[in-house]
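Asker: One line per chain: the protein sequences are A and B, in this order. Counting along the first sequence from 1, when you hit position 167 you're at 169 in our numbering, and nothing is skipped either side. Counting along the second sequence from 1, when you hit position 59 you're at 1275 in our numbering, and nothing is skipped either side.
Because the hints were derived from the structure by calculation, they are not lab data. All residues carry an ideal CB built from backbone N, CA and C; glycine is no exception. Treat the hints with caution; some may be incorrect.
[Unchecked claim] Ranges of calculated distance between the beta carbons of each label pair, as one might list FRET restraints: (1) B:Pro-1642 with A:Val-39: 53 to 59 Å; (2) B:Gly-1520 with A:Leu-63: 55 to 61 Å; (3) A:Val-39 with B:Asn-1477: 38 to 44 Å; (4) A:Val-292 with B:Arg-1596: 46 to 52 Å; (5) A:Ser-82 with B:Pro-1595: 44 to 50 Å; (6) B:Gly-1639 with A:Ala-71: 20 to 26 Å.
So you can see what is in the structure, the chains are spelled out below.
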Amino acid sequence: MKQTHAPQPQGTTGAATGAGIRRFSSPRARRSMLHVVERLLVYGVLTFFAFLFLLPLISMLDTAFKPRALVYSFPPTWFSGDVTLDNFRFGWNALPFDRFLLNTLFVTSVSVCGTVLSSSLVGFGFARYHARGAGLLFMVMLATLMIPPTTTLIPRFVLFAKLGWINSYLPLLDPTFFGMPFFIFLFRQFFRSIPRDYFDAAEIDGCSPFGLYWRIALPMARPALVTSALFATIGAWNDFLDPLIFLSTMDKFTLQVGLATFNGAYYSQLHLLMPMALVGIVPVLVVVVVGQRWILSGLMRQVEK
Amino acid sequence: MNRRLGRRDHASVAVVLLLLLTMLAGCASPFGGDEEERITLRLGTQMTAAELESFEQGLAKIREEHPEWDIQLEQTPQEGFVEKFNAQIASNTLPDIIQVGIPHAQQGIRQGVLLDLTELIEDAGFDPTDFWPGALEGYEKDGRLYGIPLSASPNVLFYNKTIFDAENVDYPTDDWTFEDLRTAAIALTHDRNGNTPNDPGFDPDNVVQWGLNAAPAHLYSRAYFIPFGGDPCRNPACDEMSFSAPEVLEAMSWWVDLVANNHAAPYDPYSGNQTGVPGDPFVAGLAAMGFSGYFLVGQLNASGTIVYDIVQPPAGPTGVRATEFSVHGFGIAKNTKHPEAAFELLRILTSAEFTSEYWAKPGHGVPAAKSGAQAVLNPRFQPDNEQAIIDAMAYGSAFKPFVEGALESWLATVDIFISVFKGETPLAEGMAEADRIIAETMVRANSGP
């Protein structure tokens, strides 16, 4: 089709209508211009919100490397250029952070294994096997997501105290081996997306129900596994309330409980809290950055389903 | 058709079992005593990292001197203490000795989970009169003692020397009256045009420097009224309060005048509504003076940005002074298996020797044992006039009320107080409403199951 120029607006003739004006007055040019403006607006808004969300992290970084006097100065100074590692040194030595990190690593590793294994097994059951009342059971299981964890805190404490499990990691780890509702839901949805033919073929070849789960379902559910593992890692690493309640001695503390020790009723030792919080988020940040591709593909599978 | 599990299946099951065993191995409970002859004492604390550092040094010495005790330190961060304390009460697993502030000590007494120490004190020949009476009263009920205070932190008047110098105003002294305080507060308050409240054209909506950061805009403000002869507590237990009694209204009117008419103090000192900074504007250098506890010394010295000193709270028209303090102490769980050993450890932890050596650091708190309080006099640190803190301990009292329903009453009435100080509600009307709510809340809280 032949390219045509848009008609010149009335009253604009000759030299008054330059090439530039003609260019922007054509419908295609206007659309292109609008597109550019739209993109600029979208990116502008996204950048603004990205900055807003990053602000606490930036503030943490700034505070962690600032000399102690500047941490508490008013008005606050941002990136004064005065950089020190003293806060890291003092913070690390103020409390046994090496122990806290190891404890957190242990709790996180075991609870992630427990969560992923048990939730995938239960999710597989809900996805592949039909029994009377299974739907109701699934609904009840989902409904437990609505119960705020704080309401069950004291009953759980009483229960675990009677079992003699207080100040051990059992109250933190044991429940993860019995399936977590959110992850069960995630796995059930994922397993339902796997064509039934795979399982039928395996059954014909003599595969047991556990074999179906272990040999067929799990290897195909890698995105869901990684997504669940990442969410479980973030949850376990950042958990504060349960370790606070169930652990009592410093040698058992996790990172989050240790960090809270820098907060007093009347004032916080921000110059120590921020560098140690920074140390604490690095491992989980690495895990998230490495695994974000899997999170996205895992979640997209759920959305597509 | 089912198939027998293969080698890989077995290996997988073995891995899962191994994980479980590893987990169990790391979860050995510390409560089982290894050596039967040693007495295991669980010591629950709620300290900051800085407090723990010195406290643990002292604890190490006690462990050395008492090898017969296996002292297990159970530390809870302060921001999670309430949840832990309630869970431990519900499950009957309170530590043998537990660090509690007055509100939680009183909760423990009401719920019957703290041991009555009266007989143990008498048997041990322990002298409670060596403790500041204001700190001790928070651990008493009906003449019985349920805990011993470790430290207290009285409110005194902090002042920013730099601001006083810049405004050419004389520093406060221990002889100040509240009228001296008002005069200085007005002279030190500035709007953004540099006008003081005495100048024509002063803009109260744009104050950039406050003379005083204080206003008794809530229930826990007895010390602000007592110097004027108006105590809102109607009895020693303070389970009845009246803010609409004539003498309390008169006392309060002095403060309303300072805030709403002189504009020399903000109506809600810590909200940041008027000052633009969260927390204490004195710390931010936006207020020339402020009432605060000894804990502020630690914070100010850590930042090192404010040159300051302290004086005692000013005297009222008849020379009466008052201050309140937050207190920390130790109680013993009623279900302890070793009451005598627990009491002996408690006695050591609260003794003048222990607290003066391991507790009287800048900002931790003043030892509640009188004979240990001098340890806070440390010429190496600001403030110079630390004696003001010790002097204030003598007439200080615990924050009251600490009866059931007090915190609820505080929450339910705080908006009324602020409304009065903002000048939106007439004083008498607001306080009558506050009294009605307080009475209702306290009755409801105390008539529950």
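Asker: So, for every hint listed, does it hold in this structure?
Answerer: Outcome of the hint check:
no.: 1; hint: B:Pro-1642 with A:Val-39: 53 to 59 Å; in the structure: holds, 56 Å
no.: 2; hint: B:Gly-1520 with A:Leu-63: 55 to 61 Å; in the structure: violated, 23 Å
no.: 3; hint: A:Val-39 with B:Asn-1477: 38 to 44 Å; in the structure: violated, 54 Å
no.: 4; hint: A:Val-292 with B:Arg-1596: 46 to 52 Å; in the structure: holds, 50 Å
no.: 5; hint: A:Ser-82 with B:Pro-1595: 44 to 50 Å; in the structure: violated, 32 Å
no.: 6; hint: B:Gly-1639 with A:Ala-71: 20 to 26 Å; in the structure: violated, 39 Å
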